[in-house]
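**Q** Each chain, letter by letter, is given below.
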Amino acid sequence: MDLLHFISTNRQQVIELTIEHITLAGVSTLIAALVGIPLGIAITRIPALSKPVIGSANVIQTIPSLALFGFLIPAPWIGERAERLAILALALYGLLPLIRNTYAGIRGVDPGVVEAGRAMGLTDRQLLFQVELPLASGVIVAGVRIAAVLSIGLATIAAAIGAGGLGEFIFRGLAMVNNQVILAGAIPAALLALAADFLLGLLERRLTSLQSRS
Amino acid sequence: MSATPISLASSNGSAIEFDRVFFSLNGRPLLENLTLSVSQGETLVLLGRSGSGKTTTLKLINGLLMPVEGEVRVSGRSTRTWDPIRLRRSIGYVIQDGGLFPHFTVERNIALVPRIEGWDRQRIEARVRELLELVGLDVELASRYPSELSGGQRQRVGVARALAADPPILILDEAFSALDPITRSEMQKEFRALQRRMRKAVVFVTHDLREALLLADRIALMEEGRVVVNLPMAEFRVSQHPLVRAYREAFSGPEETR
Chain A
1 MDLLHFISTN RQQVIELTIE HITLAGVSTL IAALVGIPLG IAITRIPALS KPVIGSANVI
61 QTIPSLALFG FLIPAPWIGE RAERLAILAL ALYGLLPLIR NTYAGIRGVD PGVVEAGRAM
121 GLTDRQLLFQ VELPLASGVI VAGVRIAAVL SIGLATIAAA IGAGGLGEFI FRGLAMVNNQ
181 VILAGAIPAA LLALAADFLL GLLERRLTSL QSRS
Chain B
1 MSATPISLAS SNGSAIEFDR VFFSLNGRPL LENLTLSVSQ GETLVLLGRS GSGKTTTLKL
61 INGLLMPVEG EVRVSGRSTR TWDPIRLRRS IGYVIQDGGL FPHFTVERNI ALVPRIEGWD
121 RQRIEARVRE LLELVGLDVE LASRYPSELS GGQRQRVGVA RALAADPPIL ILDEAFSALD
181 PITRSEMQKE FRALQRRMRK AVVFVTHDLR EALLLADRIA LMEEGRVVVN LPMAEFRVSQ
241 HPLVRAYREA FSGPEETR
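Line by line, the protein sequences are chains A and B. For the first sequence, counting from 1, position 17 maps to 17 in the working numbering; every step adds exactly one. For the second sequence, counting from 1, position 214 maps to 214 in the working numbering; every step adds exactly one.
Extracted from the complex, chain A is given alone in its bound form (with noise of 0.2 Å):
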């Protein structure tokens, strides 16, 4: 009841707190896809990079967060404001789901199908863009998945560097040992996360419905 009193109370800031949170994990999502999955689809194509570019991102997802954040504070650019900050390293620890998943997804594709578009004549990009990527998109969109969640969680501790987000509510709620205040900041961001997880989840299985048809 205390917490439902908190919250309607401060419905104005709860609100503002939960759109910060969305932005924050959203455009860091974003940023890992775009540069996660073009990654992914490299390595298919040259090989022997796809170990170092995996270990990498194996690598960034071991730094404890807290530690991430303060290694990019003297980036120049980024470190200026605490929110370029939080999406960066968001970014960072989406890549490794991203890269995999993308590498993953085109590598699975049947070869058979592979080889029958090369010899009716494709050319590597119509056959990354017309078969390989679309069958690939259920195990893309996973990652997404993936990403999204990690980050929605994430980004909780951003609240620790300035950046925003319902973290605040939780480093506030701790600060003043008041549960209720962790609460209003905990509860949204995982109902968050849920809700991501589920609309993500229904359009992997969309995909994955199509592609499968074999």
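It is possible that some hints are incorrect.
[Unchecked claim] Below, computed lysine to aspartate or glutamate pairings styled on EDC-like, alpha-carbon distance capped at 20 Å: (1) Lys59/B - Glu115/A; (2) Lys59/B - Asp110/A; (3) Lys189/B - Asp208/B; (4) Lys59/B - Asp124/A.
[Said to hold, decoys possible] Examples of chain A residues lying across from chain B (beta carbon under 7 Å, computed): (5) Ala119; (6) Met120; (7) Thr123; (8) Pro134.
In case anyone wonders, no lab produced these hints; they're calculated from the structure. Glycine included, every Cβ here is placed at the ideal spot set by N, Cα and C.
Start from chain A and add chain B according to the hints.
**A** Coordinates of chain B only, in the frame set by chain A:
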């Protein structure tokens, strides 16, 4: 590819020629000293067991592989000097189970080459209908996906797709091997009738002697990367070559020896 067969055939009338071709992969020789030729209108069957180099031979025709030594000439021109995309679009390719794109409808699968060749919509639609009829499929199947078809129907779509842009050359890799015996026999007879009308240069790969005898004008028997016997049908039937006899024995079931 609406070019006439005459301009595509080389001076001596061969649509496809293998001139002392060697091919190896990772140091392992797969083809040795292969010399073959297929003229326009002729059906060459490459007969042999798995691993004898039949599929490798096909891939050398459409430039999926390049010879290590020697030369493969298609329409009189070495595959090394062909633009691989143009080369492949002038060769229809049929594989086991059709090799259809699972995310394309039957219509889009058949229209693949005409579409990437930039044909206009009406011409493509008319061609798809014509081809469905040619391979004995109901026009209503055009909007289905491959998974909604039977194995025989998928194989027919595969043949229709290979014929779509009317290529002068057709290569088929174990095209009918995944079908049940009755469908298979139907497809073989229909293909033979089709080829009588089309007069394309056909290379058909199979391990089945009966299929070879039914479809071929000429049979090249392959073993361990070499052509062991290369004879016109009539001569192949009576050949006393030990390997040909071994095939005949392997394929003479009890009902035929009775």
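**Q** Next step is simple, just say for each hint if it's right about the structure.
**A** Verification of the hints:
no.: 1; hint: Lys59/B - Glu115/A; verdict: holds, 10 Å
no.: 2; hint: Lys59/B - Asp110/A; verdict: holds, 18 Å
no.: 3; hint: Lys189/B - Asp208/B; verdict: holds, 15 Å
no.: 4; hint: Lys59/B - Asp124/A; verdict: holds, 17 Å
no.: 5; hint: Ala119; verdict: holds, 4 Å
no.: 6; hint: Met120; verdict: holds, 6 Å
no.: 7; hint: Thr123; verdict: holds, 6 Å
no.: 8; hint: Pro134; verdict: holds, 5 Å
When the structure is compared with the earlier hints, no violation turns up for any of them.
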